[in-house]
Every structure is written in C-alpha cells, then in structure tokens.
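Colleague: Chain by chain, the residues run as shown.
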Amino acid sequence: MKLLRCPINGLRPLQEFSYGGEVRESPDPASAADKQWAHYVFNREGEPGVKREWWYHIASGTWFIAERDNVKDIFLKTYLYGSGEQTQ
Amino acid sequence: MIRDRLPPQPREWIDRGRTIDFQFEGGSCTGFAGDCISSALWASGVRMLGRSFKYHRPRGIYSLANHDVNDVVEDGVTTNIRADVTQICSGASYQAVNTFGGLKKDSARHIEHLSRMLPVGFYYKAFHTPRKLFPYWERKMRAMAGLGAINPKLPRARTPKDYDFCDVLVVGAGPAGLSASIAAAETGASVLVVDENLHPGGTLGYQWNSDASAARRFAQLMGKISSMPNVWIRTATEAAGLYADNWVALIDSVRLTKLRAGAVIVAAGCFEQPAVFKNNDLPGVMLASAAQRLIARYAVKPFQRGIVLVANSDGYCAAQDLLRAGVQLAAIVDLRKSPESPELVQPFNAARVPIFQQHAIYQARHASGKQGIIGAVICPIDDAGKTVTERAFKLECDGIAVSVGWMPADGLINQAGGKMKYSEQLHQYLPESLPEKVFAAGRVNGVYHLEAQLADGRRAGLAAAAAVGRNNGPVPEQARHEGPSPNHPYPVFPHPKGKAFVDLDEDVQYKDIVNAVQEGFDSIELIKRYTTIGMGPSQGKLANMNGVRILAKTRHQTVTQTGTTTSRPFYHPVPFGHLAGRSFHPHRLTAMHSRHQKAGAQFMPAGAWHRPAYYPAAGQGRDDAILAEVKTVRQGVGLIDVGTLGKIEVCGPDAAEFLERLYTGRFAKMRPGTTRYLLMCDESGVVIDDGVAGRLAEDRFYVTATTTGADAVYREMQRWAIIWGSSVTLANVTGQYAAMNLAGPYSRSILANLTDIKLDQDAFPYLGIREGVVAGAPARLMRVGFVGELGYEIHVPSQFGGHVWDRIMQQGAGFGIKPFGVEAQRILRLEKGHIIIGQDTDGLSSPYEAGMDWAVKMDKPFFVGQRSLQIIQKRPLQRALVGFTLPTDYAGPIPKECHLVIRGDQITGRVTSVAFSPSLNRVLGLAYVAKDQSGLGTKFTIRVDGRKEVEAEVVKTPFYDPDSRRQSETVEKPREAAA
Chain A
8 MKLLRCPING LRPLQEFSYG GEVRESPDPA SAADKQWAHY VFNREGEPGV
58 KREWWYHIAS GTWFIAERDN VKDIFLKTYL YGSGEQTQ
Chain X
5 MIRDRLPPQP REWIDRGRTI DFQFEGGSCT GFAGDCISSA LWASGVRMLG
55 RSFKYHRPRG IYSLANHDVN DVVEDGVTTN IRADVTQICS GASYQAVNTF
105 GGLKKDSARH IEHLSRMLPV GFYYKAFHTP RKLFPYWERK MRAMAGLGAI
155 NPKLPRARTP KDYDFCDVLV VGAGPAGLSA SIAAAETGAS VLVVDENLHP
205 GGTLGYQWNS DASAARRFAQ LMGKISSMPN VWIRTATEAA GLYADNWVAL
255 IDSVRLTKLR AGAVIVAAGC FEQPAVFKNN DLPGVMLASA AQRLIARYAV
305 KPFQRGIVLV ANSDGYCAAQ DLLRAGVQLA AIVDLRKSPE SPELVQPFNA
355 ARVPIFQQHA IYQARHASGK QGIIGAVICP IDDAGKTVTE RAFKLECDGI
405 AVSVGWMPAD GLINQAGGKM KYSEQLHQYL PESLPEKVFA AGRVNGVYHL
455 EAQLADGRRA GLAAAAAVGR NNGPVPEQAR HEGPSPNHPY PVFPHPKGKA
505 FVDLDEDVQY KDIVNAVQEG FDSIELIKRY TTIGMGPSQG KLANMNGVRI
555 LAKTRHQTVT QTGTTTSRPF YHPVPFGHLA GRSFHPHRLT AMHSRHQKAG
605 AQFMPAGAWH RPAYYPAAGQ GRDDAILAEV KTVRQGVGLI DVGTLGKIEV
655 CGPDAAEFLE RLYTGRFAKM RPGTTRYLLM CDESGVVIDD GVAGRLAEDR
705 FYVTATTTGA DAVYREMQRW AIIWGSSVTL ANVTGQYAAM NLAGPYSRSI
755 LANLTDIKLD QDAFPYLGIR EGVVAGAPAR LMRVGFVGEL GYEIHVPSQF
805 GGHVWDRIMQ QGAGFGIKPF GVEAQRILRL EKGHIIIGQD TDGLSSPYEA
855 GMDWAVKMDK PFFVGQRSLQ IIQKRPLQRA LVGFTLPTDY AGPIPKECHL
905 VIRGDQITGR VTSVAFSPSL NRVLGLAYVA KDQSGLGTKF TIRVDGRKEV
955 EAEVVKTPFY DPDSRRQSET VEKPREAAA
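Protein chains in written order, with the numbering used here: chain A, 8 to 95; chain X, 5 to 983.
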C-alpha cells in the first residue's frame, strides 16, 4: 500500500484517503458554449503523465491537491488548494 | 532402519536424541526431530517421493529447498504440503498427491507412454470439436493433471494478520543478508531479517560445510547479531510480496504480517539451475546444492555412487562434500574445457575420481519402473556445446548431482518495479535499476565469493541505513564478481528420443518449447502460456532461465533480445487462508438501537447503518406487520427512528449563498424558523441527493441529507467551499444527533405534553423549525411532510435519543402509539408520491425527468448543474417518472421494482417503486415511461414475472391526500377520540 502525505496530517497509508478526480478548471458557465461545457463535464484527460488531483483524507476530512506521476506511480507533492506550496 | 544417515555434521538441523515415527504411503518410517519429510524418507532409502504433474513420472528430491514441487504430500487434512521444507510430525500419515491408487501403483503411471499423442496444447487441438463434449474432456483432464485434492472438510481455522514496521528489512539470512543487517543496525536502524528456511545462515549452513573458516564466520555473524538489540530474525518466514512504498507481505506457517519497511535489502541468494538432458527428472538426479543440503542439514547420504555434473567451482566443492560423506564418485563431468584452478582438481586426483573435461551427461539411465537411476550416458561436447554422441560411454551410478549455474532470486525486485538485465559475461540477470529504497546484496548482485558477499552485504546495509536517514557516512562502491562465471550459458543437451525436462512442475520438455516455436509461438510470453512453462507452483524458479535460453537459441537471438516473463506476487504460493482471513463489516447503530431490539424489530442494512425494517408482533408475518404499521400512522400515531439521515450544520456569513450555489432551490430569503426542501444535482445535471434545510438563524442552517448520501454530500460541500472560497463552517453532525419522526393525527397531542415549544398551527406552522426542550433534552423540531400526516421530526443530541424515544412511547401509550420501520415508511411516502433518490432516480435522471421541476430555480445566477440543465432543458424529454395505479379489482401478479414498461416490441421504461397501498386499497407505484405515455389517464403495459402483462394507468401524485391538507393544516384528532 502506498503512502501519501496529507498537508495537515503528514505521511499516512493510502487506505485513509479517497481519490477526488483531476483538478479541472470550470469554464465560465455564463459564457461557455454548450460544447465547451459538455467537454468540461464529460471528458477526462487520459494521457499518462503528471496529474494534479484532488485527494481527501477521510479520517480528518481534509481536501488537498496531490501532484502524481501516474507513469512512475509516485506522488510528487501535496498542498492545500490555493496555497500552491510544496509540502512534499 | 535409517540406512543412509551420516555421522553428525557440524551444523546439522536434526536432533538425534528424538526419533519420530510417521507413515508414508501406508508404510512406517522413522526420522529425527528436525527432519523434513523428504530427508527422513531419503535417509530411510525411499527414493520415489512423488509423481509428476502430467506424465505421472516418479520424482524424488530435486532442490530440497521449495524451488520445485516434486515432493508434495497430503496428510488427510491439509493438501499440497511441501515435503522438502515441512518437518515430520509424530504419528502423521502422508500420501503423495496426484496419484491414482498410491505412489507405486499409480494407475496413471502409463500415461507417459501416450505422451507422443499428448504434445503441448493437445487439448486445444484435439477437443475443440464437438464443442459440446469439451466440458467432458476438460473434467477428465483436470482430474488427471494437477496437485492435491482440496479437502472441503478442512476444519475452519482463523489465520491471524498482524502489522509490523522496521527501518530496514533484510530478505535472506545468508552471508550477505546477515552482514547487511549488522551494518544497518550499527547505524541505529531497526532491522528485521526474514528467511524462508528454518534456520539462518543460507549458504553458510550447507555450501561451505567442510570449510572451517566459513563456520567461524557464521558464528561471528550470529554472535554479533544476538548482541544487537535492534536486529530481529524471523526464520521460516517468506517475504512473499513487495508492494509500493515498501509494504511487504510476510508469510509464516500461521500468519500474514503486513510490514512497512523504510528500506528493503533483497539478499535472497540464487536458485541453482538444472541441466537439461534425457531423464534429468528421475529420482537420484538432483541439484548439487540439494545434495549439500541433505548432507549438511540432515546428515543424509544423497546416494551411494554418484556422478557430479559441473560447470563451476561450486560443483567441485559439492563433489568434495560428497566424497567426505562417503559417496563413491564415479566421475566428475565438467562442461568446460578446464576448471578455473588446478587446486580444485587435486583432491579428486588423490581419490582417483575421473574428471571428464568438456563432457556432458547425455542421458540418465533408469532402473525398471523409472523409480531410480542406474547409470548415465556421458559424451564429449564440441566447442559449440553440441554432444558428440558417437563417442558416448556409460557409467554406473545411482545418483547425479548437477551444478551448472545459478539464477538470482530476484522476484521481489521485479515485483517492486526494478529492472534486471542479463549479463553476457556472467550469464545471469543482474539488477540494472532498483526502485527507490530497495537494495540488492550478495549473489543477487552476482557476487559469489564469501568475503565479497560479506562486503556487498555491508555496503547494502549502509546504503539502506542512509536511505532511511540513519547513516550520513560514506557508502562503499558495489563489489563485482571476479573470475570466471559460475553459470554455464547453455546447459542443454537434447536427445532425439525420450524426455528431457525444462520445467519439472509442469512436465514441459525441451522439444515442447522447440515445437511451440515452430508453431509460431515465438515470444517468451506466448511460449509461457502455450507450453505452461513457469506457470506451475514454483513459478519458473528452475525453469524460466533454461526456457529463455532454449527460445533464444531456437530463434537465433540473444537472451536479452528474447526477454523474460513478468514476475508478480507472490514469490511462493500463499495458502488462501492467509489471504482470506476474517471479514469485518463495520456498521453503525443509532442511539435507539437497543429500543428497536427490545421491540422485536427486524433489521435491514441502510448504507453502513442497521435500520428497523418492521416490528412484527408475536406470530405476525412480515406483510401484516408492515400494513398494520402503515394503518397506525394514518389513523393514530407512529414513531420512526430517522437518526441515519445525514445532518450537516452550515454556518457563517456565506451560508445562504453557499446553499444557493450547491442546491437547486432558493434559500437566501428564507426566514429563520422555516425549512425548505433541498435537491442536489451534480455538474451534469443529474439528481444526486435531497433533504431539508432548516434556517436556525441568518447565518446558520441545519441541513439533512439522505442516509447513504450523507458522507458524500458533506465531502462535496467541503470541496465546493474550498473552491468557491465561501466563508462557511461545515460540521457533519450525523452521529451527534439522534432523530425520530413522530407522525400521525395524534402526534401533536403527545408532543404537547413533553415540550415547552408552542405547537399550535400559528406558532409552529407546517415547514417550521423550532429549538427548545423535549422531555428535558435540548431539541430541534421540524414540521415536515415526510409521510404526509401531521408530524414532527425531533433531533436531540445522541445521548438523549433513547430517553426521548422512551418518553414519547410512554406518553403515546394511551394513543396506541407504535414504532414503525423503513418498510412502512416507504409505503407511506410512496402514497404521497415522494421519490427516493437512487431508487426512483438513476445515474442519468435529470430533475425534469423525475418531475422535480418545481424544486429547480433556473433563474438563480448559479448552482451546480445549472449550466448542464440549460442544455438538457432545450432538448425533448426522453422519459418521465409518473405515478401509476392498477385497477382496484386487480388480482393478478403485482409488478416489482425494475419490471419493464413495454410498448409493442420496445422497452419504454421501468417500474422504480411499487406497493400495495392499504390506505387506498390498491396497488400503486412510480415508473419511468416514454414522454408520450406520461399524460394523466394514459394506459401503459408492465411486463411482470412469468411474461404476463399488466395494464397500468398514469395518475396524478400524491396518490393519497392530493392537496396535502393532512400534513400542512390541522388534521388532528382531539385527544378524546383516542380514549
């Protein structure tokens, strides 16, 4: 089982976390065309590489962002949303 | 009659003071305590210990190290016991597996004479037509081939799991592993050493048996380790799997240990590799290391007169051990032109043992019944490694020891994502890249000399300690093997007739691989699957290397070009019991659970919760109990535990704005003291949850969510609050509050005696929320529709839940109050046409399809799902959720959930909820139908069980009390009516 560093609680086994999908910026719903909006809602990036992902530490209820290389299967860094600070 | 027992050996594992009697194949045997089953039998002169997988050929000791499955027995309880590594047990009765009528008389023993008709893949070729008969042949073949039979009467046993951790895990307690553990421990790291053998030492325990300096080395290492408090050794323990971030599965006879190691050192050594020649599988042919294990560990003479086939100095050492054990050596057959040093040859010249350089064994000659060997055919080989059969000659012997090369035990490295590369100099795989915090030491690195192994272990120990932050000092460079390679590049000597085995587990012969290549299976992964080489229980430990070499040679490739197969956990087969273990189902109980138990509730799961489904009276059936509960609520009063509802507090200056963005409705202008229905969509506009929001203050909402949706809703709330930067505080108080719904015409009369909250219609109207005290407990009361009667949802801190429940039941006794369960609640709510999210909606349901338009305020600036709903709104509806009834006099089979709505030959929808309504005395339900079938009064057809069709009619919902007067106005029975 992998280990993941929660920015608040430190290094914990992956079992304590839940994956929350890729971080995706929503287009402005007021100005986005239908197609653009549908792309945002339904399409996901399948290309392997470094992903920015939402992860949730279940025990403490902490959402954070993890950058993960899914080719090498390693977490590169984790930080709270908006902080952009490197904690790992 | 311990025929072949030797005098005491310096590091033997047996206890000569204790003899142990056991049975094998019906005969009595005796061994010493500490003997494995195979060694005790071999000492008694038993040579045939098992039958092979496919051809049922006699087999004996081959590796004596769990690297092959020649010797597998069952004891009447457990099957597939590895006789090579399992100690004998007093009074046990062992049988070989995979025989028909015993080992000697195995009625399948003649099957190998049919082998010309049973080539690789014969079953694919022979039995594909007629297809109908394939299952018959499959059963036949499964019965013929295989290992032990599963014993379905095996007593249930609990296999414990435990968890452990250490700074450095060392796999293998041989010279490199022991040296590594000392070096790591000296830096202060906590070190665990595991070894699959019963005793530590590895090759120090058997391969250097006659070398006194090795014995001293071993004693030094063990002495040092026993003085270090931070090193632990676990023997008879396999590191079976190495997973991400050094999460390791350790298996011993009783438990699975899940270990988290900071760093892992793989010092697992090597598997000695077989040579391929005719009859290389029969009892008496064994690896030289197996002969050494027999001598050093168990003091058993491997054979009387033997031949040693060598391609390295290890073979000469083994030959010396055999000489010392009193074995007469008929010859040493060396595949090479000359040994690396003349000193190696000296002792044999003195003992007059002939040495044949650049010769090979071409064939082992078998005794009658193939139950042993009586000699060997030896012939010279040319410079290309081909046998020169014209100059073949015979020698008599009853045993052949083979020492032609080694393969690293690199399973864990491969599992962890390390890369091994074939070295054309050393003729073995060596680590090319290792995963982070995984290290290799000793022979896995191709380091064969004892002192070099110790140095390499020390290096790995220091490197591992550095990786876990324990060592800031220098880490020496890795040692390399010096001198000639101990591995022969191609120890394969095919014979035009007879069987030369590459994989002993699966009975895969040299010619099977060659034939498979000719049939077009030209990659190693295809060869593996077609011939099943390496797919037996030993997973190719002794077979893969030669298989790859044969494929490479046949295809005129190098070994590197040929590649190798993927190695996956587990390293050794792991009994299912270790993996299955006990199942734990975490579940939640409400604050009133004990009350429900006392009231005789039948429970049902609801998400993680246990909820009362109904409360049958003595002798009452399920349906009667549910109908009675429905009637009680409609006509009197009932109490239901709704504590499983999600309860979330949303506080802060942005609370109302936050709910407006999250849910489809409007909340900004709600007055404190009121509640409102909530509907939540996801970003694609699909309905995902519903509930009620009660506004306690301008900046404070109390929000409920569905039982199963509560955690996900809370989680998404948290995430949106972060993304939107909302100034809100969220608290999931689901477990903190007990909740119950008191419903029915008498509810107000009962509650009035228990609370200071004013309950009359003006003071506490429909959809109000109030805070106050109920039965002495601080409470939140919501007057919501719920089941369509006058009713109050009462939330109190969990610790008061039982007390308040009791007080209401006491107070209600005079009104005939009864608890009701989820089943009655569903009927009551269905009568009101309330949908259940997840039952009446699915992963595609928009609010428009579900008839929830009224709850969606599209003119708000934003809510989750709004933009998608704008798109959906523009399109014609494909389907609609409607209420339906069956005629009152309908007596046929009642539709069930998921029964289909059929029009002509089309499926236009399905039933989502259906029940007999006691209040309306007819069957009613909800169903998806085509949009053009959704008009009131439309008739549509439901196909029920038995392909019968039932006509249903679309009706308006709510079915019961269509204007909802009973819940919103004062449809209340005066107290007197109850008396």
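Quick caveat, the hints were computed from the structure, so don't treat them as lab data. Hints should not be assumed to be uniformly reliable.
Capping the alpha-carbon separation at 27 Å, the derived lysine-lysine pairs in DSS-like fashion look like this [what the hints assert, rightly or not]:
1. 441(X) x 84(A)
2. 79(A) x 861(X)
3. 425(X) x 42(A)
4. 262(X) x 42(A)
5. 79(A) x 441(X)
6. 79(A) x 864(X)
Colleague: With reference to the structure, classify each hint as holding or not holding.
Modeller: These are the hints, each one checked on the structure:
{"no.": "1", "hint": "441(X) x 84(A)", "result": "holds, 18 Å"}
{"no.": "2", "hint": "79(A) x 861(X)", "result": "violated, 46 Å"}
{"no.": "3", "hint": "425(X) x 42(A)", "result": "violated, 50 Å"}
{"no.": "4", "hint": "262(X) x 42(A)", "result": "violated, 49 Å"}
{"no.": "5", "hint": "79(A) x 441(X)", "result": "holds, 15 Å"}
{"no.": "6", "hint": "79(A) x 864(X)", "result": "violated, 45 Å"}
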